[in-house]
Amino acid sequence: MEELQGLNNLSKIVYNDNKNKGFWETKRETGTILMLIVSEIAEALEADRKDVFFDPSKNIKWKNDWHKAPESQDIKNFKENVKDTFEDEIADTFIRLLDLCGARNIDIEWHIKQKLAYNRTREKKHGKNY
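End of the sequence shown sits at 130 in our numbering; the numbers just go up one at a time, nothing left out.
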């Protein structure tokens, strides 16, 4: 797997992976993409409600043998220990967000830095109750 350095680089990797899997063969409607992001958040909520979390104390032995699909031990470990957990759904949310950033050439690192700087100038709870 590529070295993951920075959100902008990661967004390009995610977008290219998704393009190679056929997700961008036709123009994608923005509302659909945004609702798919929301659906991943909803799946994370359901995992949380059901107490479905990844257990790092299992000390799973990852072999980096993903390329041996479908016989890969990592695929088996992932399906048995990670798939559909809260953390997995949060990862899916980021993947969908980064895919959108890659597709739109959004410099998400710059935008996050600017938003953080702006938010530091705002009042407590940004003037709201929560």
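The set of hints was computed from the structure by calculation and includes no laboratory data. Ideal Cβ positions, reconstructed from N, Cα and C, are used throughout, including at glycine. Heads up, a few of these hints could be off.
To be verified - Label-pair restraints from in silico Cβ distances:
no., residue 1, residue 2, range
1, Lys63, Lys128, 29 to 35 Å
2, Thr30, Glu87, 35 to 41 Å
3, Val38, Lys128, 20 to 26 Å
4, Lys124, His67, 17 to 23 Å
5, Asp107, Leu36, 42 to 48 Å
6, Ser57, Gln114, 35 to 41 Å
Hint check:
Hint check: Lys63 to Lys128, Cβ distance near 48 Å, so the stated range 29 to 35 Å is violated. At roughly 27 Å, the beta carbons of Thr30 and Glu87 sit outside the given window of 35 to 41 Å. Remark: the range hint 20 to 26 Å for Val38 to Lys128 is upheld by a beta-carbon distance near 21 Å. Remark: the range hint 17 to 23 Å for Lys124 to His67 is contradicted by a beta-carbon distance near 50 Å.
A hinted range of 42 to 48 Å for the beta carbons of Asp107 and Leu36 is inconsistent with their spacing of about 22 Å. Range check, Ser57 to Gln114: Cβ separation about 39 Å, and the 35 to 41 Å hint holds.
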